[in-house]
Amino acid sequence: MGKPKLILLVDDDRDFLEQNRGVLAASGYRVSCFSNPQEALQAAEREPPDLVVSDLMMKALDSGFTLAREVKSRWPRVPVILVTAAASQRGFDFSPRGSEDLAAMNADAFFDKPVAPDQLIAKVRDLLA
Amino acid sequence: MNEEPVRILVVDDEKGVREGCRKILSVEGYQVTIAEDGQAGWEAFQAAGGGFAVLLVDLMMPRMTGLELMKLVREADTDVLPIIITAHATIDTAVEGTKQGAYSYIPKPFTPDELLLAIKNGLERRALTIEARRLREERESRLLEVAAERSKSNTIIKCITDGILVINTEKLIVLRNPNAARILSDTQQVPFPLEALSCAEVKGLIAEVLDGDGGPTILSREVSLAQATYMVNVSRVVEPGAEASGAVAVFRDITVLKKLETAKSMFVSMVAHEVKNPLAAAEGWLNLILSGLSKQDPQEEKRMIGRSLLRIRTLRTLVTELLNITAIQTGNFTLRRSPVEVGRLAAEAAEACRDKAQEKSISLSFTAAASPEARALADRDALLMIFSNLIDNAIKYTPDGGHVGVHVSNDGMYVKVSVKDDGIGMEPADRERLFDEFFRAKNDYTANVPGTGLGLSLVKRLTEMHQGRVSVESSPGAGSEFAVQLPVC
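In order, the protein sequences belong to chains V and U.
For the first sequence, my numbering gives the first residue as 132, with consecutive numbering after it.
For the second sequence, my numbering gives the first residue as 160, with consecutive numbering after it.
The hints are simulated quantities; they were obtained by calculation from the structure and are not laboratory data.
Treat the hints with caution; some may be incorrect.
20 Å max Cα-Cα, derived SDA-like pairs, lysine to any residue [stated by the list, open to error]:
| hint | chain 1 | residue 1 | chain 2 | residue 2 |
| --- | --- | --- | --- | --- |
| 1 | U | Lys519 | V | Phe241 |
| 2 | U | Lys317 | U | Gln348 |
| 3 | U | Lys515 | V | Gly159 |
| 4 | U | Lys555 | V | Arg145 |
| 5 | U | Lys519 | V | Gly159 |
| 6 | U | Lys174 | U | Gln198 |
| 7 | U | Lys435 | V | Leu148 |
| 8 | U | Lys230 | U | Trp201 |
| 9 | U | Lys515 | V | Asp143 |
| 10 | U | Lys519 | V | Lys136 |
| 11 | V | Lys254 | U | Lys317 |
| 12 | U | Lys461 | V | Leu148 |
| 13 | U | Lys454 | V | Gln169 |
| 14 | U | Lys435 | V | Phe241 |
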């Protein structure tokens, strides 16, 4: 048993940060919270995370996608989970239909907000296994 | 057919002739006037006020000859048909007489039948002439009407805001109004082949209608031309009982409608996001409690419920805002007015926003000049909505660490609440549309600020319902100051 795995949690909504931190911390993960994707990336440079959970629509519309792309380009093996309250925006339906859609989003999983705690934990465990 | 008796003027210096004529003609139902020479004839004509159908006139008479009288009478009334009765029935006089407009002549002596026949023929001829003239006049006036109608239609087609193209079956563009030329940026001289039209999409649409076989065809399509969007309607021109004679294309500018459509759909997704986010957050907290993650710690559970409640309240405000704007738009919003201490209410609104300001390390100050207790006859909730919106906006559009100041003043007529920030400010173009529904200024900063684009429109409408006014001063980077003035009661 080494150090607990590190998860970066990125969301501009404080409530979601706290909720998901609670869920993940209760399962024994180390969790770092960021309300800004830029700061999350800087932190990741200092200590690469084992997994990233990010909101999709953080202020700037595509910031979740941008973050996922950045993470995958620097740490291709780090899983990314995208979460959003707006599955469709401006006529575009973001919810992925299959693994190809997920790959196009640079994501390994996609959830509609709010994510049930057990679902999130199950997915995180699965991706980190 | 004609009730009026036909009137005949008989002028002859031979009494026997003129009395004889009168007798013969009167029996036939003509109304006869007689005169003994040219001069008397002219006087009789004038005395009767004209209206004679036939002038039966001798040529050689004292004082005024028959030809002279004919000339005078014809000048006064071209419809009078002159018939010459003369003893000097030579070719020369007859020719001279007809040159002067005589219809025919009767050589003396003549029988009653000869006279009646000449009169009858003359009257028929006269009737034909009059009818022909009437027809001619009618036709001319109709032609004039048609010409006027055509130029009217041309003017209408020229001035109509829609672009119009008319294409014949040979695929020649035979009519193009100035707006069509502008829309298609086309300068070719009409007529020109459809093939030479610059826009392929329009060309295809027209060809499709022209080539379609049988029955009237209408095609409608949205076409983008030079940054504008047009609804192009092409319909076949079918004249009753004839083959299709071409097509007409109408270009209607729907750019504004399209923009509105986009704004509305953006608004709907914005609202969906704004509604779903707090709902999801509240649901998330409740999920946590249910999943046992709170470890049944009453303090922790209370905190989580408190947090959900906060989000639910925000949601309720949003829904209220939406309902209010709809009610105002449909005229179903009524104010419940009572004297309200405007300054106190503004302070209350500022207090309610203090947490939000602190979150962004924005200093929020409240100041009041003399007599802050000035009252306005107002709906308390509406006023609170106005102030909260303005203060909330100021916080939203001011970067972290900035300043927002709420100031109340009173000039005896109006109580003024101003909200001043040192935030991002706005471009003059954005300032103009600021109070439009769903309008949101678009720049890098506002892209990061959530909002429905309803707040300021609500502020303006509510203020105006209170006989007040909203003003704004702002420039990019120099902050904004919104002021609401309400009449003091």
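Which of the listed hints are not met by the structure? Hint check: 1, 3, 5, 10, 11, 13 fail, others pass.
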